[in-house]
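Novice: Okay, here's what each chain looks like letter by letter:
There are 2 protein chains.
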Amino acid sequence: MQNAKDFKFEIIVKDKKAKIRVGKITTAHGIIETPAFVPVGTKGTVKGLTPQDLREAEAQILFGNTYHLHLRPGEDIVKKFGGLAKFMSWNGPTITDSGGFQVFSLGQLKMKLTEEGEGTQVNVVNIKDEGVIFRSHIDGSKHLFTPEISIEIQKKLGADLILAFDECVPHPSTHEYTREAMERTHKWALRSLTVSQRKPFYHPWRQALYGIIQGGVYQDLREKSAKFISNLDFDGIAIGGVSVGESKLEMRQAIDWSYPFLPENKPRHLLGIGEIDDIFDVIEGGIDSFDCVIPTRFGRYGIVFVGPPEGNIKNRFRLDVNKTNCARDKNPISKECLCYVCANFTRAYIHHLFRAQELLAYRLASYHNIFFINNLVKKIRESILEDKFQRFKRAWLE
Amino acid sequence: MQNAKDFKFEIIVKDKKAKIRVGKITTAHGIIETPAFVPVGTKGTVKGLTPQDLREAEAQILFGNTYHLHLRPGEDIVKKFGGLAKFMSWNGPTITDSGGFQVFSLGQLKMKLTEEGEGTQVNVVNIKDEGVIFRSHIDGSKHLFTPEISIEIQKKLGADLILAFDECVPHPSTHEYTREAMERTHKWALRSLTVSQRKPFYHPWRQALYGIIQGGVYQDLREKSAKFISNLDFDGIAIGGVSVGESKLEMRQAIDWSYPFLPENKPRHLLGIGEIDDIFDVIEGGIDSFDCVIPTRFGRYGIVFVGPPEGNIKNRFRLDVNKTNCARDKNPISKECLCYVCANFTRAYIHHLFRAQELLAYRLASYHNIFFINNLVKKIRESILEDKFQRFKRAWLE
Numbered sequence: 207m208q209n210a211k212d213f214k215f216e217i218i219v220k221d222k223k224a225k226i227r228v229g230k231i232t233t234a235h236g237i238i239e240t241p242a243f244v245p246v247g248t249k250g251t252v253k254g255l256t257p258q259d260l261r262e263a264e265a266q267i268l269f270g271n272t273y274h275l276h277l278r279p280g281e282d283i284v285k286k287f288g289g290l291a292k293f294m295s296w297n298g299p300t301i302t303d304s305g306g307f308q309v310f311s312l313g314q315l316k317m318k319l320t321e322e323g324e325g326t327q328v329n330v331v332n333i334k335d336e337g338v339i340f341r342s343h344i345d346g347s348k349h350l351f352t353p354e355i356s357i358e359i360q361k362k363l364g365a366d367l368i369l370a371f372d373e374c375v376p377h378p379s380t381h382e383y384t385r386e387a388m389e390r391t392h393k394w395a396l397r398s399l400t401v402s403q404r405k406p407f408y409h410p411w412r413q414a415l416y417g418i419i420q421g422g423v424y425q426d427l428r429e430k431s432a433k434f435i436s437n438l439d440f441d442g443i444a445i446g447g448v449s450v451g452e453s454k455l456e457m458r459q460a461i462d463w464s465y466p467f468l469p470e471n472k473p474r475h476l477l478g479i480g481e482i483d484d485i486f487d488v489i490e491g492g493i494d495s496f497d498c499v500i501p502t503r504f505g506r507y508g509i510v511f512v513g514p515p516e517g518n519i520k521n522r523f524r525l526d527v528n529k530t531n532c533a534r535d536k537n538p539i540s541k542e543c544l545c546y547v548c549a550n551f552t553r554a555y556i557h558h559l560f561r562a563q564e565l566l567a568y569r570l571a572s573y574h575n576i577f578f579i580n581n582l583v584k585k586i587r588e589s590i591l592e593d594k595f596q597r598f599k600r601a602w603l604e
Numbered sequence: 207m208q209n210a211k212d213f214k215f216e217i218i219v220k221d222k223k224a225k226i227r228v229g230k231i232t233t234a235h236g237i238i239e240t241p242a243f244v245p246v247g248t249k250g251t252v253k254g255l256t257p258q259d260l261r262e263a264e265a266q267i268l269f270g271n272t273y274h275l276h277l278r279p280g281e282d283i284v285k286k287f288g289g290l291a292k293f294m295s296w297n298g299p300t301i302t303d304s305g306g307f308q309v310f311s312l313g314q315l316k317m318k319l320t321e322e323g324e325g326t327q328v329n330v331v332n333i334k335d336e337g338v339i340f341r342s343h344i345d346g347s348k349h350l351f352t353p354e355i356s357i358e359i360q361k362k363l364g365a366d367l368i369l370a371f372d373e374c375v376p377h378p379s380t381h382e383y384t385r386e387a388m389e390r391t392h393k394w395a396l397r398s399l400t401v402s403q404r405k406p407f408y409h410p411w412r413q414a415l416y417g418i419i420q421g422g423v424y425q426d427l428r429e430k431s432a433k434f435i436s437n438l439d440f441d442g443i444a445i446g447g448v449s450v451g452e453s454k455l456e457m458r459q460a461i462d463w464s465y466p467f468l469p470e471n472k473p474r475h476l477l478g479i480g481e482i483d484d485i486f487d488v489i490e491g492g493i494d495s496f497d498c499v500i501p502t503r504f505g506r507y508g509i510v511f512v513g514p515p516e517g518n519i520k521n522r523f524r525l526d527v528n529k530t531n532c533a534r535d536k537n538p539i540s541k542e543c544l545c546y547v548c549a550n551f552t553r554a555y556i557h558h559l560f561r562a563q564e565l566l567a568y569r570l571a572s573y574h575n576i577f578f579i580n581n582l583v584k585k586i587r588e589s590i591l592e593d594k595f596q597r598f599k600r601a602w603l604e
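So the protein lines, in turn, are chains A and F. Going letter by letter, the first sequence gives residues 207 to 604 in the numbering used here. Going letter by letter, the second sequence gives residues 207 to 604 in the numbering used here.
Heads up, some of the hints might be wrong.
Same chains, same names: a pair is fine if it fits in one copy or spans any two.
To be verified - Lysine-lysine pairs mimicking DSS-like chemistry, simulated, CA-CA at most 30 Å apart:
| hint | residue 1 | residue 2 |
| --- | --- | --- |
| 1 | K292 | K541 |
| 2 | K286 | K536 |
| 3 | K211 | K584 |
| 4 | K285 | K536 |
| 5 | K230 | K348 |
| 6 | K430 | K220 |
| 7 | K348 | K529 |
| 8 | K393 | K520 |
| 9 | K211 | K292 |
| 10 | K253 | K292 |
| 11 | K585 | K472 |
| 12 | K529 | K292 |
| 13 | K348 | K292 |
| 14 | K253 | K520 |
| 15 | K454 | K433 |
| 16 | K585 | K433 |
| 17 | K286 | K541 |
| 18 | K253 | K536 |
Honestly, the hints are just simulated from the structure, not real lab data. Keep in mind the model is a prediction, meaning the values are calculated, not measured.
With these hints in hand, go ahead and build the complete structure from the sequences.
Specialist: Next comes the structure, spelled out in structure tokens:
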């Protein structure tokens, strides 16, 4: 049986006028101070970085993708090695998603490839109320995900926080289709809950289950979904389907429409968001944690984060270190940044590494970006505790 | 003017019967205890590793390639940033080669590509007594290397140890061509010496110049070259053209044929050698330092070093972590290894990273391999100091 003490959420400070809060999630593998950014380690590794780097870069928890880990190395191997954290040698909490997002997004990708004449498979994703049949992006093999299968896989992966199986609709989708998918997601939420509480358990620690609010860009659906999911016995609430939207407004709306229905005492996770200029909005909207591949993906492209005054809302706090004006720049990526990369390397050197397509380039830029975002979120936490959030926000965004 | 005190070679212990010795090279940027392995950081980075990793992995000195650094980022940028070590944030000694090896080997590569119909350039490498005209492997642009230019570039790069410009013949080459190339190398050695002592100097520390013995697989030429180079006023002696040979025997012969002519009081570097089963031979042949890309190149392929009893002369101390039998292996790469990778990761995890083509795979395997080889060479140093080299060698090779 799982140990019930292995999950707890406490609110440390709540702003009386605003939705903002500082909290603490306790898991069997450690504590997450919220608001928290969650770096994504899709296949059991945050690309290019070791667990030691991630600790140095102030990561508190890592995100693994069930779809990818199921296909490779397979949940049975991860289970055999003591769960995801131990498998990857990360001495801290982990969260896995349900696989839903990847099943649908990688399925679509396959369809696009097909349109370009790259194959003959169509309808790679076959959605029924029972679950989803999809093909592996690795070898084309057929797989079935149902709420029961997703939770079973996640039980074997053994993350501290796990997610209910959901359907994530593409953008744009009609109101009708979005509603259908939402209703399916709600049925799947109930089934995910049921199976999550049922034996067998493969690891001794408790795995807290988050329900997922969907509903696309439609206010009535978001509200309906928020109400439905919030009324179930989940440990936490996630908001999904936001990163596929196109505008910041849509993201903010999805949070705001859900907010009135969110239970105060449960942690809230926003899926797939984490650009620098989103973070203030997200936290201001009452979100406790959020994950995003952007810091590492941008890092691999040579886009690195810089703070004010160089970084601002116009340049979206991004510096492209590939650009020729970095070739002779003796400055670190960011003068204010206290990370290992900024303490040791010039922009010119990192520019050179990108031009030469050296492995170290991707690593250094990813390390900096993860540190930068974790550090920013830490400062935001401190600003909330000191009742200075708005002032801090203005210093960054105005 | 350069500071003459910035280079010194001392012999600590010399075996009375054998050629083996333990020594110490002092440079402006630190001390190298010999015998020493020198990891290769071709473009100003040992692929995938930070200077901090390299310190942890017990690297004492790094090797940079003049050809690559000349093409990108260019020696003027490196000079502006305080020389190669500072540019790459390596707080220790560096050595650069003359560019000769790359000019010839990458030139040949280009010709092969041409034969396969990839272009129309032939005779990419144009060798005259004056120097060599070659085309960049990056953009096809024309470049000229002469002894004067090579040394000028190396002066700007500012490594502590630099090499005379030489011609490295392909394998196999006729006696006649090898002799011609050797004679050219000797003329270039004289010109390299002259220009190395001439102003301007771009950095305040002394750059010790090594002459290079060539002569291919021919005893008379190796002896002639060893005699010629040893009689000149070089700070150290390098043996070149060995890694292009095909057999271990040829490598050992090149060392042994040169040995009688090598001055006792100058450090000896062997270019391009460093497989585990070569190391004992090389050190036994009286070599003080040697560089090789093998630990990092193999690392990127998933070939990792293991010691006895698993590693032996038959499997050449190599383990292929890509192989399926690693997929569920809970052991570290090497149980005896004290490196960060072996302390934290299983073979199964590293196998997974290679299968998933994750950046971290290349990094972890390279880190282990560099640590492994540095640690082995350190143990060999200790075994010589304790007069137990032969016993230690038998434990590894028998």
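Novice: Hint by hint, say whether it matches the structure.
Specialist: For each hint, the structure was consulted:
1. Proximity of K292 to K541 under the C-alpha cut-off of 30 Å is restricted to the inter-copy arrangement: shortest distance 18 Å between copies versus 35 Å within a copy.
2. Proximity of K286 and K536 under a CA criterion of 30 Å is satisfied inter-copy only: 9 Å between copies versus 48 Å inside one chain copy.
3. Taking the closest pair of Cα atoms, K211 and K584 come within 30 Å of each other only inside a single copy of the chain (26 Å); across copies the shortest separation is 49 Å, beyond that limit.
4. When the C-alpha separation of K285 and K536 is checked against a cutoff of 30 Å, the pair qualifies only between copies, where the shortest distance is 12 Å, while the shortest distance within a copy is 47 Å.
5. For a Cα distance limit of 30 Å, the shortest separation of K230 from K348 qualifies neither inside one copy, at 40 Å, nor across copies, at 62 Å.
6. When the C-alpha separation of K430 and K220 is checked against a cutoff of 30 Å, the pair qualifies only within one copy, where the shortest distance is 26 Å, while the shortest distance between copies is 83 Å.
7. Taking the shortest alpha-carbon separations for K348 and K529, only the inter-copy value of 25 Å comes in at or below 30 Å, while the best intra-copy value is 43 Å.
8. Within a single copy, K393 and K520 get their C-alpha atoms no closer than 42 Å, and across copies no closer than 60 Å, so neither meets the 30 Å cut-off.
9. For the homomeric pair K211 and K292, the shortest alpha-carbon distance inside one copy (20 Å) is at most 30 Å, but the shortest distance between copies (51 Å) is not.
10. Taking identical chains as interchangeable, the C-alpha atoms of K253 and K292 lie at most 30 Å apart whether they share a chain (17 Å) or sit on different chains (27 Å).
11. Taking the closest pair of Cα atoms, K585 and K472 come within 30 Å of each other only inside a single copy of the chain (23 Å); across copies the shortest separation is 57 Å, beyond that limit.
12. For the homomeric pair K529 and K292, the shortest alpha-carbon distance between copies (22 Å) is at most 30 Å, but the shortest distance inside one copy (40 Å) is not.
13. For the homomeric pair K348 and K292, the shortest alpha-carbon distance inside one copy (29 Å) is at most 30 Å, but the shortest distance between copies (53 Å) is not.
14. In this assembly of identical chains, K253 and K520 lie within 30 Å of each other by CA distance solely inside one copy; the values are 28 Å within and 35 Å between copies.
15. When the C-alpha separation of K454 and K433 is checked against a cutoff of 30 Å, the pair qualifies only within one copy, where the shortest distance is 23 Å, while the shortest distance between copies is 74 Å.
16. Taking the closest pair of Cα atoms, K585 and K433 never come within 30 Å of each other, the shortest separation being 32 Å inside a single copy and 67 Å across copies.
17. In the homo-oligomer, the alpha carbons of K286 and K541 lie at most 30 Å apart only across protomers (20 Å), although the nearest pairing inside one protomer, at 45 Å, exceeds that limit.
18. With identical chains, the CA atoms of K253 and K536 are at most 30 Å apart both within one copy (27 Å) and between copies (22 Å).
Comparing the model with each earlier hint shows violations of hints 5, 8, 16; every other hint is respected.
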